[in-house]
Amino acid sequence: MKFYRRKFMHLAGGAVALTAVSRIAQADDYPARPVRVVVNLPAGLAPDVMARVVSDPLAQRLGQPVIVENRPGASGNIGTEYVVRSAPDGYTLMAAISGNAVNATLYKDLSFNFVRDIAAVAFIAYTPFVLTVTPSFPAKTIPEFIAYARANPGKINLATVGPGSGPYMSGELFKMMTGTDMVEVQYKSNYFSDVLSGQVQGTFAAVAPSIGFIKAGKLRPLGVTTTERLSFLPDVPTIDSFLKGYEAVAWIGFGVPKGTPPEIIAILNRETNAAVLDPNIKQRFTDLGAVAVPPNSPDEFARFIAENIDKWTRVIKFAGIKPQ
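The sequence shown begins at 1 in our numbering and counts up by one.
In short, the hints are calculated from the structure, not lab data. Remember, predicted model here, so these are calculated numbers, not experimental data. Cβ atoms here follow ideal geometry from the backbone N, Cα and C, with glycine treated the same way. Among the clues, some could well be false.
[As the list claims (entries may be wrong)] The calculated DSS-like cross-link candidates involving lysine-lysine, where the alpha carbons are at most 25 angstroms apart (straight line), are:
id, residue 1, residue 2
1, LYS155, LYS317
2, LYS155, LYS140
3, LYS218, LYS140
4, LYS140, LYS175
5, LYS140, LYS244
6, LYS311, LYS108
7, LYS322, LYS175
8, LYS244, LYS175
9, LYS244, LYS311
10, LYS175, LYS155
11, LYS311, LYS258
12, LYS188, LYS175
13, LYS155, LYS322
14, LYS258, LYS244
15, LYS218, LYS108
16, LYS175, LYS282
17, LYS282, LYS215
18, LYS188, LYS140
19, LYS322, LYS108
20, LYS215, LYS140
21, LYS244, LYS317
22, LYS108, LYS317
23, LYS322, LYS188
24, LYS175, LYS311
25, LYS188, LYS155
26, LYS155, LYS218
[Stated by the list, open to error] The following label-pair restraints were derived from C-beta to C-beta distances:
id, residue 1, residue 2, range
27, SER189, PRO262, 24 to 32 angstroms
28, ALA147, ASN113, 37 to 45 angstroms
29, GLY198, ASP89, 51 to 59 angstroms
30, ALA306, PRO262, 38 to 46 angstroms
31, PRO72, GLN186, 15 to 23 angstroms
32, ALA274, ASN113, 25 to 33 angstroms
33, MET177, ILE78, 45 to 53 angstroms
34, ILE67, ASN190, 28 to 36 angstroms
35, LYS215, ARG314, 17 to 25 angstroms
36, LYS322, GLY217, 37 to 45 angstroms
37, LEU45, SER231, 20 to 28 angstroms
38, ALA147, ASP89, 54 to 62 angstroms
Make a model of the complete structure from these sequences and hints.
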């Protein structure tokens, strides 16, 4: 009996060793063919553009083409599920975005679990928002805006593109933290003409499409949604400086199917971080109104995702947000 046990343990140990050797060999050969990055939104939107910004320098570093593939639908859930069902071999990546953290709570009947089924690789960049109002609006600062909202419940209209979007969630977080009642007016397309005309009083907008109006004096910026001031809007304070703990950004990073060998994840993490460090790439992000993230580990990105899911879960439950 002891003999058989010793023999089994020896064979089991050998199997573990062979598996480890196989994985190391796989990592040594990686990548041996083109790598795909799946974007779960249509081409031309911010996550797609940012994924393409990183794909070229990443391809140069990996020595293989990095092909961006759009698989939109169901608010991003179709593309995410496609990656979840892909082989965990490092050849299918996903552009993990802030929408995934919102969808994890917003959609109850998903056939996958984003945290359980996607392994974090690297945090790449984030896009801040800025609370802007029409110049005729009486409030000129965040404290004045909060005071006005509290004194006039339901009378401030904020333009947004619908539940789950960055501007919408930024507004709901603000309402939750300030105890104010404001109306989020949903648009299917560009809403700036209504904000500029005063048809709606304000919006939490991405910096890139709003910065031209801000610099022309057509929109008044009250605060940015990051915890630090932005280099491209240095005179605009953070909302956090008046409302401690407030932060809302759209973000992007890379993820892979759970079960991808850690050695391959390490390679992707190292080369993605190096690509983002390139001054030209950082400048391209700045031109897009985004901020490149310093080098980070898969564990750090995973913790960031978990914290985001927890934050938006609380906001979704507080606001009673439902998918549309």
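Pair hint outcome, LYS155 versus LYS317 [Cα-Cα no greater than 25 angstroms]:
This hinted pair holds, its Cα atoms lying about 23 angstroms apart.
CA of LYS140 to CA of LYS175, is that 25 angstroms or under?
18 angstroms, holds
LYS322 and LYS108: Cα distance at most 25 angstroms?
OK: LYS322 and LYS108 at ~10 angstroms, within 25 angstroms.
A range of 38 to 46 angstroms was offered for this pair. Does it hold for the Cβ distance of ALA306 and PRO262?
Violated, at about 19 angstroms.
Given the hint that LYS311 pairs with LYS108, does the C-alpha gap stay at or below 25 angstroms?
Roughly 17 angstroms between the alpha carbons, so the hint for LYS311 and LYS108 holds.
Has the given pair, LYS244 with LYS317, been kept, meaning a C-alpha gap of at most 25 angstroms?
Between LYS244 and LYS317 the Cα gap is close to 21 angstroms, so the pair holds against 25 angstroms.
Next pair to validate is LYS311 with LYS258; report whether the Cα-Cα distance is within 25 angstroms.
Holds: LYS311 and LYS258 sit about 23 angstroms apart, inside 25 angstroms.
Check the hint pairing LYS322 with LYS175 against an upper bound of 25 angstroms on the C-alpha distance.
Given that 25 angstroms is the threshold and the Cα spacing comes to 17 angstroms, the pair holds.
Between LYS155 and LYS322, is the straight-line Cα distance small enough, at 25 angstroms or below?
23 angstroms, holds
Next pair to validate is LYS244 with LYS311; report whether the Cα-Cα distance is within 25 angstroms.
Satisfied, since the Cα-Cα distance of roughly 15 angstroms is no more than 25 angstroms.
Please test the hint of 54 to 62 angstroms on the beta carbon pair from ALA147 and ASP89.
56 angstroms, holds
With the threshold set at 25 angstroms, check whether the alpha-carbon distance from LYS175 to LYS282 stays at or below it.
It is violated: about 33 angstroms lies between the C-alpha atoms, which goes past 25 angstroms.
Hints 14, 15, 16, 18, 27, 30, 33, 35 from the list above are not met by this structure, while the remaining hints are.
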